[in-house]
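Based on these hints, arrange chain B on the given structure of chain A.
Spelled out, the chains give:
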Amino acid sequence: MPWPLYLALKQLFPTGRRFPFFTFISILGVALGVGLLIVCISVMGGFGREIRNMIVNTQGEVQVRSEGLMQDPRAVMDAIEKVPGVLATTPFAEGVVMLQYQNKPAFPAIQGVDANRVDRVIPLRQFIVAGEYDALDDDRVILSAQLAMTLGARLGSRISVYSPLLLEKLKTDEILIPRELEVCGIFEIGHQQLDSSVVIVTLRTMQELYGLGRAVHGVNVKLGEGIDPDRATADINRALPVDGVAKSWMDANQEFLFVLQLEKNMIFFLLLFIIVVAAFSVASSLLIAVVRKTREIGLLGALGASPGQVAACFCCQGVIIGIVGTAAGLGLGFAVVHFRNDLVAGFTRLTGSQAALERFYQFSQLPAYLSRTDLLLIISSALIVSTLAGLLPAWRAAKLKPVEALRSE
Amino acid sequence: MSNRPPILQARGLHKSYASGARRLQVLRGVELTVLSGESVSIRGESGSGKSTLLNLLSGLDAPDAGELQWEGEATLSAARRGRLIGLVFQSFYLVPELDALDNVLLAARLQGPIGAAERARACDLLGRVGLADRTGHIPGKLSGGERQRVAIARALMNKPPLILADEPTGNLDEGSGEAVIDLLLALCAESGCALVLVTHNAAHANRCARRLFLREGGFHPV
Numbered sequence: 029m030p031w032p033l034y035l036a037l038k039q040l041f042p043t044g045r046r047f048p049f050f051t052f053i054s055i056l057g058v059a060l061g062v063g064l065l066i067v068c069i070s071v072m073g074g075f076g077r078e079i080r081n082m083i084v085n086t087q088g089e090v091q092v093r094s095e096g097l098m099q100d101p102r103a104v105m106d107a108i109e110k111v112p113g114v115l116a117t118t119p120f121a122e123g124v125v126m127l128q129y130q131n132k133p134a135f136p137a138i139q140g141v142d143a144n145r146v147d148r149v150i151p152l153r154q155f156i157v158a159g160e161y162d163a164l165d166d167d168r169v170i171l172s173a174q175l176a177m178t179l180g181a182r183l184g185s186r187i188s189v190y191s192p193l194l195l196e197k198l199k200t201d202e203i204l205i206p207r208e209l210e211v212c213g214i215f216e217i218g219h220q221q222l223d224s225s226v227v228i229v230t231l232r233t234m235q236e237l238y239g240l241g242r243a244v245h246g247v248n249v250k251l252g253e254g255i256d257p258d259r260a261t262a263d264i265n266r267a268l269p270v271d272g273v274a275k276s277w278m279d280a281n282q283e284f285l286f287v288l289q290l291e292k293n294m295i296f297f298l299l300l301f302i303i304v305v306a307a308f309s310v311a312s313s314l315l316i317a318v319v320r321k322t323r324e325i326g327l328l329g330a331l332g333a334s335p336g337q338v339a340a341c342f343c344c345q346g347v348i349i350g351i352v353g354t355a356a357g358l359g360l361g362f363a364v365v366h367f368r369n370d371l372v373a374g375f376t377r378l379t380g381s382q383a384a385l386e387r388f389y390q391f392s393q394l395p396a397y398l399s400r401t402d403l404l405l406i407i408s409s410a411l412i413v414s415t416l417a418g419l420l421p422a423w424r425a426a427k428l429k430p431v432e433a434l435r436s437e
Numbered sequence: 008m009s010n011r012p013p014i015l016q017a018r019g020l021h022k023s024y025a026s027g028a029r030r031l032q033v034l035r036g037v038e039l040t041v042l043s044g045e046s047v048s049i050r051g052e053s054g055s056g057k058s059t060l061l062n063l064l065s066g067l068d069a070p071d072a073g074e075l076q077w078e079g080e081a082t083l084s085a086a087r088r089g090r091l092i093g094l095v096f097q098s099f100y101l102v103p104e105l106d107a108l109d110n111v112l113l114a115a116r117l118q119g120p121i122g123a124a125e126r127a128r129a130c131d132l133l134g135r136v137g138l139a140d141r142t143g144h145i146p147g148k149l150s151g152g153e154r155q156r157v158a159i160a161r162a163l164m165n166k167p168p169l170i171l172a173d174e175p176t177g178n179l180d181e182g183s184g185e186a187v188i189d190l191l192l193a194l195c196a197e198s199g200c201a202l203v204l205v206t207h208n209a210a211h212a213n214r215c216a217r218r219l220f221l222r223e224g225g226f227h228p229v
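Chains A and B supply the protein sequences, listed in that same order.
Each step along the first sequence adds one to the number in my numbering, with nothing skipped, and position 258 is 286.
Each step along the second sequence adds one to the number in my numbering, with nothing skipped, and position 205 is 212.
Next comes chain A alone, as it looks inside the complex (with noise of 0.2 Å):
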């Protein structure tokens, strides 16, 4: 081992002593930093992957929309099933209508779906908590679950629904009739808007609530495993008929993506400046222990150490106490993250704010998620900032005078 990151690792952990109070608060200090930015930066990547997850259980990777009702989806969902890396299609219409269940109303968002191609694109399946998703035809509606507890509807009820085209009947002064759906499926997707204002039928259904005819407002697309969505999306743009445009789903939700990033650039940049004080504390340690030990950096240079060896040694204890502070801050923030759901759930039953968190923060458990990336980042965000924190007490070290040093008091 080079004698100055032998010396510096024994100025850093004296032999005899346990407990090295100013290597334990210096290595605290960036743990602490490091520990924040896991945790903070997992959390904000953990709400990304879930929006994601949820436009694309919702929506597919790719949505084609007309500027109108789109009058031949057959012949646009077969120009797109023929562009490499599409696995699947599956035609929408979609619109807002009112519901009422024993003189209960509500105003959900209904989505009308093809039943027998629509799993291929969104795994409404996996969502059903209640019912048979199978269940579903002409006759029957499928909840939200918020939805359906709100209005006391359950499996078997039988909800009226009424169209805004009923209120084109009203013109005529004709009588509402509204439709009498039974309720065959309650879904639960984790995210509180869908859960609390989304109810499904078929396309069929839809279409006559809506008067659309054979029309639907749009095409779901599933890309396979690892496709480009953004290329995809340009490859399917060439390929459709006249009418339509394909949008990514990051192309569909770029503000809200971007005020997303921006949200989670500015948490990192705040909470890197944790590490950025905790270096200054370090650098504050390192430079007094290099006026402590002046004269024992006098006796490195009266036997043999060049000033470069001397700096290298002071240098390589920042570097130390950023390896070691970045590695006990890796174990902390990802102790924290994998128990932030009982953290969380113990701090709201202290303070009663279970069903705030829910309806503020749309998800029933708080998501993490750290990519590579990020991870990388902050690893040599912090072995970077901890390096710069030795190099000016190394500097001085360089600078002193072996013989000056040996006659400081």
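What the hints contain is simulated information worked out from the structure, not anything from laboratory work.
Fair warning: there could be bad hints in the mix.
What the hints assert, rightly or not - Just so you have them, the derived chain B footprint on chain A, three or more residues with Cβ under 8 Å:
hint, region
1, 30 to 41
2, 319 to 327
To be verified - The calculated DSBU-like cross-link candidates involving lysine-lysine, where the alpha carbons are at most 30 Å apart (straight line), are:
hint, chain 1, residue 1, chain 2, residue 2
3, B, LYS148, B, LYS166
4, A, LYS38, B, LYS148
5, A, LYS197, A, LYS250
6, A, LYS132, A, LYS197
7, A, LYS275, A, LYS110
8, A, LYS110, B, LYS148
9, A, LYS429, A, LYS38
10, B, LYS166, A, LYS429
11, A, LYS132, A, LYS38
Bear in mind that the values here come from a model prediction, so they are computed numbers and not experimental data.
Cβ atoms here follow ideal geometry from the backbone N, Cα and C, with glycine treated the same way.
Only chain B this time, still in chain A's reference frame:
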């Protein structure tokens, strides 16, 4: 003795320091030749320039004028100093975080990677200075005399041909001081290295083969 090659040659060394507005001339043309294996003592009053001279002889400081040669070469890099000169200081200067063995090995580490041979030599040296059972003790757990013995072992670690000792007994009681001088002279004689001993103590100085007295910037007969 005169057939031995010179290990250190100093010619016309001058050194002065700024003292307020004027310069204080400490050394005025010092001439000194130390032969291989020779022991030389330098005595002098406080402020006579003994430590200044030793700093010049060890290459830690540069003279204002004059010439120095170590084994016939006028240049002395830090690494060469580590190989050529063993230094013993009045204040020991042990690294407090290292135990006795590692303090001795430090001199070897600075020269390159160490192995079993270096460890064995360090243990042997500590045994010779009577600290075989204290190798794992940090300096804080050793007495002044024991610390100085560790420093002597460190000075001898790289088998240097020259030992420069600056008042090695200055911080020790009389008994410990005697023991340290005995040890230093014996080990230097045994290993064949030259010794330049700077001391206040006339009895210690008299034990060296050649005795010099530094006064008014130059050597005078004792």
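Results for each hint:
Using a Cβ-Cβ cut-off of 8 Å, 5 residues of the region 30 to 41 of chain A lie near chain B, which meets the minimum of three, so the contact claim holds. With a cut-off of 8 Å between beta carbons, the region 319 to 327 of chain A has 4 residues touching chain B; three or more are needed, and the interface restraint holds. Our distance criterion of 30 Å between C-alpha atoms is met by LYS148 of chain B and LYS166 of chain B, whose separation comes to about 27 Å. Our distance criterion of 30 Å between C-alpha atoms is met by LYS38 of chain A and LYS148 of chain B, whose separation comes to about 17 Å.
Distance restraint check for LYS197 of chain A and LYS250 of chain A: the Cα-Cα separation of roughly 38 Å exceeds the 30 Å cut-off, and the hinted pair is therefore not satisfied. For the proposed pair LYS132 of chain A and LYS197 of chain A, the alpha carbon gap of about 23 Å is at most 30 Å, so the pair holds. At roughly 17 Å between alpha-carbon atoms, LYS275 of chain A and LYS110 of chain A fall within 30 Å of each other, so this suggested pair holds. For the given pair, LYS110 of chain A sits about 83 Å from LYS148 of chain B by alpha-carbon distance, which is inconsistent with the 30 Å threshold.
Our distance criterion of 30 Å between C-alpha atoms is met by LYS429 of chain A and LYS38 of chain A, whose separation comes to about 23 Å. For the suggested pair LYS166 of chain B and LYS429 of chain A, the alpha carbons sit about 25 Å apart, so the restraint of at most 30 Å is met. For the hint linking LYS132 of chain A to LYS38 of chain A, the alpha-carbon distance of about 75 Å lies beyond 30 Å, and the restraint is violated.
Of the numbered hints listed earlier, those contradicted by the structure are 5, 8, 11.
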